[in-house]
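**Student:** These are the residues of each chain, in order.
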Amino acid sequence: MFDKESLSKVSECKQNWEKNTLNKVLSKSPERKDEFLTGSNIEINRLYTELDIQDLDYIEDLGFPGEYPYTRGVYPTMYRGRLWTMRQYAGFGTAEESNKRYKYLLSQGQTGLSVAFDLPTQIGYDSDHPLSKGEVGKVGVAIDSLKDMEILFEGIPLDKVSTSMTINAPAAILLAMYIAIAEKQGITPDKLSGTIQNDILKEYVARGTYIFPPEQSMRLITDIFEYCSAHMPKWNTISISGYHIREAGATAVQEVAFTLANGIAYVEAAIKAGLSVDDFAPRLSFFFNAHNDLLEEVAKFRAARRLWAKIMKEKFKAQNPKSMMLRFHTQTAGSTLTAQQPDNNIVRVTIQALAAVLGGTQSLHTNSRDEALALPTEDSVRIALRTQQIIAYESGVTETVDPLAGSYYVESLTNAIEQKAKEYIEKIEKMGGAPKAIQKGYIQQEIQNSAYNYQMEIEQGKRIVVGVNKFQIQEEQPKDLLKVDPSVGELQEQKIKQLKATRDNLQVNAVLEELKQCAQTDKNLIPIIIKCVKAYCTLGEICDALRAVFGEYKAPINL
Amino acid sequence: MTGSKTIRVLIAKPGLDGHDRGAKVIARALRDSGMEVIYTGLRQTPEQIVEAAIQEDVQVIGLSILSGAHNFLFPRVIELLKEKNAEDILVIGGGVIPEEDIPGLKKAGIKEIFTPGTPTSAIVEFIKNNVKV
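Sequences listed follow chains L and R, in order. Take the first sequence: its position 276, counting from 1, is numbered 276 in our numbering, and each next residue is one higher. Take the second sequence: its position 73, counting from 1, is numbered 73 in our numbering, and each next residue is one higher.
If we strip away everything but chain R, and leave its shape as in the complex, we get (with noise of 0.2 Å):
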């Protein structure tokens, strides 16, 4: 870390369903490539996501979600960051969210969703190179 801000990034479930053995081993990969990681745990609101991620004052925000609920859950996050004036933090995705569904998603401001299958190298260096730091 040579002057540069270490990275902070709050890894989220919203929604109800508890698979989060994805979000876990990303926060994990992304704490070892230096970025500062917090982990919200599960079941949590649109609302309590961006308020923690307010608070931590984090550049960057990825959801997990297994249960479908994506459509709904996502742009609501991305509605309320621009409400809180706080639309500059990067938003990412992933779980099992299907091919045709993201351009919605992407449209609505969330810049990236990652599918099963991508290795946590790719998110790592998606972060790095979107973050102005």
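Chain L extracted, bound-state conformation (with noise of 0.2 Å):
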């Protein structure tokens, strides 16, 4: 990118400088500390110059938005198109008092959905099983069969919004769902744009909801894919997620490694069900996490960009273009939240926020303030949606694409992103591939030993958190947090109660059944899950079916 004669006339003048200039004043006042560190361990230079990215390619390494490798965006004209979908990720209690939150974001400009079901839900439990008492609709709502989902999307048409759900180990099934009341709005599945999470491998390393072993997941996963490419063109098949990787404790570098590895598996697992790579890998969309550290995030993204279209390109072989471009939806990091001082976290959402939208992020959720306290109060996620407004709005960072490419320091930390991510998926694949190494517990232990280190940075008081150990006050935490009625239980309780007595139970009970017979054989399970949730089987019923032909997955326990 740089001629010769340039370079080294900046290196001769940057000897100069450093000689004349910069040691008159280190010999008066040295510098904060002995060395600087981005948050994943990369040393940050004094400055940078061309001579730290002598060697990168425009062409080759940048190239245009819209084009391969992507480091500037996936869409030629960004943000000056359409801006990012603002998508809320929200859920609580009884389905009808979600479906009043969703109208509630919708008519505050929010353009996408994004459910957040409760942990019996999302490991397959009904309401009413023993293990879910306490639970029921506390992290987000309860789901029991199609007549809560029903509820859940009354009045919301669904040609009309894009609706991303957080849902796992029982994907398939809530897909089934969506797609039965959909019918009953007279909207077939091919109009339906979303996304399902649908990424267990995840869930074995850092969110802990799975249900399945391994093998039996993946096959639920690949059977999606294969569904999804007949049926259903602008559905995002699977949201490969670093995002709870990093929550869990990762640094930058391991969430870009460790994500891409999985993803990795997935093209391989659907490669190895018979799909062809450019019939499902359009459709793969990803996950990530906006932590404070702004450029090393905004180069992270950029650098995970490159690095995915390099692998689907050259490992893959992929042809279409589409299959080569990482998509992806960006959260703010919920473990940077403090419960000290909670309104400072609208500062570190922005900045967050911020880092996402620089970094080319197709769709964005905002934490709010008191999301280290409780779940949020309609005003804090006011506030967390005109954040992002404000960005979208007034910031003017939207009115270009990819506007901090070519920064000196960004372009390095962005080369430098990728080698070691690529460092970690080489180590990776040579363990035989994601699954095995999070069978050895080795990814694991990797994170474990990043979230230690920076528990010790913060205690050492080498790692400043504000409010947290510098800048403390005295405080009371404010009263006005979000309660979950904890009647939500009984009454869900009773709602199954109802179902079972007025449903057609034989019906039930022989869809049930052809459900087993099916999991037995290797015929894709989604035809037959639809039939079931419109038979108003409940999800306990129809995981619990499937727990009797896969089984279920004991967690190895490492510290």
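No wet-lab data here; the hints were simulated from the structure. Be a bit skeptical, because a hint or two may be false.
In silico lysine-lysine, DSBU-like type, Cα no more than 35 Å apart, as pairs [said to hold, decoys possible]:
#1 R:K106 <-> L:K430
#2 L:K420 <-> L:K440
#3 R:K128 <-> L:K462
#4 R:K5 <-> R:K107
#5 L:K470 <-> R:K128
#6 L:K427 <-> L:K313
#7 R:K107 <-> L:K430
#8 L:K14 <-> L:K440
#9 L:K9 <-> R:K128
#10 L:K184 <-> L:K483
#11 L:K554 <-> R:K82
#12 L:K470 <-> R:K106
#13 L:K427 <-> L:K100
#14 L:K479 <-> R:K111
#15 L:K495 <-> R:K128
#16 L:K160 <-> L:K531
Covered stretches of chain R (chain L as the covering partner; in silico rule of three or more C-beta atoms under 8 Å from a C-beta of chain L) [as the list claims (entries may be wrong)]:
#17 79 to 93
#18 109 to 122
#19 125 to 132
Distance windows between CB atoms, simulated [claimed, not checked]:
#20 R:A122 <-> L:V466: 26 to 32 Å
#21 R:K132 <-> L:N41: 37 to 43 Å
#22 R:S121 <-> L:I557: 20 to 26 Å
Yeah, the Cβ is synthetic: ideal placement off N, Cα and C, and Gly gets one too.
Make the complex out of the two chains shown on their own, each in a separate frame, by following the hints.
**Tutor:** Following this line, the structure appears as structure tokens:
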């Protein structure tokens, strides 16, 4: 990118600057620290010049937006054409309450829905299961059957909104329910747009809502890929998630590495199941975290895009450009929110959201200030959404594509993150791929080490968290936190009782039996799951039928 | 360890949430401070936790939860400990727990609740000051 003459001149002038200007200052006033590091422990130079990116080839390494290797973004006009989708993850209590919150968010200018399910739903237990006690409706909405789903989306036209569902182990069931309610609204599956998270590997590593063993889980995932490639061309069949890996303590480099390693495993599984790469890869999507280290985060997003494009083209020989595009959702970092002086979190979220936008995200969730304390109140969620709107409409960063490209520092960091992530991925490949590395506990251990080091850095004062280990004040916690009505559990239990008393139980048993039969073959499971949900089998019943055939995953414990 | 018994701690994740970053960091910090630490893994019922605590002969149970089900699950652990005559085990808790829930949990018998931002050293110190060895 730079000619030799210019480089040698810069090099010469830099040496002069060091001798004549810099050293004089350093001898009088040393720098604040001996060593400056990014969150991923990449050493940061005092100053970056073209010397630091002299090997960068503009066409090959950066290219143009909407073209390989997509470093500058997946669309040619990026936010000049269309802003990112503002998508706040929400859901709590009953389907009725969540439906109200969705309508509120849509009325406030939100452009997509993102459904949070409660933990029993995510782990495939009905609300009346003994393990569900105390958990129903707490971290998301409780869905026991198609009945609840009908209420959840009542009055929301499914051909007009895109819906993201954070659901993994039972993803096929919730997708089936979504298809079924769309049908009732007169909408065919090919008109539906949205995403299911459907990323089981990161559940084993970082998030914990697994049900079935890896092999059977991967089969459900590839069944979804196959079904959607034929029937739901606008649906994102998976959201390969670094978010939770980062929340569990990974660094930015590890987030990219472990997420893309999981991505490779899904592509391999689908190819093994007989799909051809360009049939399913265009519908793969990603989900990343945005932390406070603004420029490292921007570099991370750019590096992830370039690395994935190369993997798809070189390793998997994809032909369709869409197969090489890393499209992603971003959520700001929950783990950086502090319970102390919670209003400060608004500022953190702003920086993180800005990183996501400067990094070229396709959709964004901004966390609310009170999430280290409880689920967010309506007021807090509105501020979080307004933060996105201020970035979108007032900050000006949206007016050109990839505005930080060409920054010596950002390009240098983009290279460094790509390189380090690549080294990790190669190591994981040598272990036999992500599923094997997870079985060995390697990925979990790497994440745990980073989490522990981070905590120790805070305790030793090497890392400052404002309001936590510096600038503390005496304060009282805000009183107006959101409380989930504890009677949700009983309410859901009653609903299940009523459902079981009024549905056609003979049909229910017949379709559940058919599901078990199908699970024992290698036939695609999605059509029979759709049949089950339409017969008003409960989520727990469907999962139990699959548990009977597939067994359950038992996590190894290592500290 | 000059003659004094090593403190044994069970770190447990009751409920269904999979957020075990905090639990694991604390387990390791306690171990680095010289305690023996057993970690239960995810999705433990109060029954399983109490069973493990008695079997492993621990003096301390540390409960970690981020799902919001603490008001049901924490007191249930205490109840079961009483049933098994094991209420001498010190029970502490942590996670995303609103301040207004803390008095109720303490009244139920949880000795201390450590909320986000607590240094691990504070937890080590609390255990050392409150366990008779």
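**Student:** None of the hints should be skipped; say for each whether it holds.
**Tutor:** Evaluated hints:
1. R:K106 <-> L:K430: 50 Å, violated
2. L:K420 <-> L:K440: 21 Å, holds
3. R:K128 <-> L:K462: 26 Å, holds
4. R:K5 <-> R:K107: 29 Å, holds
5. L:K470 <-> R:K128: 26 Å, holds
6. L:K427 <-> L:K313: Judged against 35 Å, a Cα distance of about 20 Å means the pair holds.
7. R:K107 <-> L:K430: Judged against 35 Å, a Cα distance of about 54 Å means the pair is violated.
8. L:K14 <-> L:K440: Outside the cut-off at roughly 48 Å; violated.
9. L:K9 <-> R:K128: 63 Å, violated
10. L:K184 <-> L:K483: Answer holds: K184 (chain L) to K483 (chain L) is near 33 Å, not above 35 Å.
11. L:K554 <-> R:K82: 30 Å, holds
12. L:K470 <-> R:K106: 29 Å, holds
13. L:K427 <-> L:K100: 48 Å, violated
14. L:K479 <-> R:K111: 23 Å, holds
15. L:K495 <-> R:K128: 49 Å, violated
16. L:K160 <-> L:K531: Since the Cα atoms of K160 (chain L) and K531 (chain L) sit roughly 25 Å apart, the hinted pair holds (cutoff 35 Å).
17. 79 to 93: violated (count 0)
18. 109 to 122: As far as the stretch 109 to 122 of chain R goes, the hint holds, because 6 residues have Cβ atoms under 8 Å from chain L.
19. 125 to 132: violated (count 0)
20. R:A122 <-> L:V466: 26 to 32 Å: 19 Å, violated
21. R:K132 <-> L:N41: 37 to 43 Å: About 42 Å separates the Cβ atoms of K132 (chain R) and N41 (chain L), which means 37 to 43 Å holds.
22. R:S121 <-> L:I557: 20 to 26 Å: The hinted range 20 to 26 Å holds for S121 (chain R) and I557 (chain L), with Cβ atoms some 25 Å apart.
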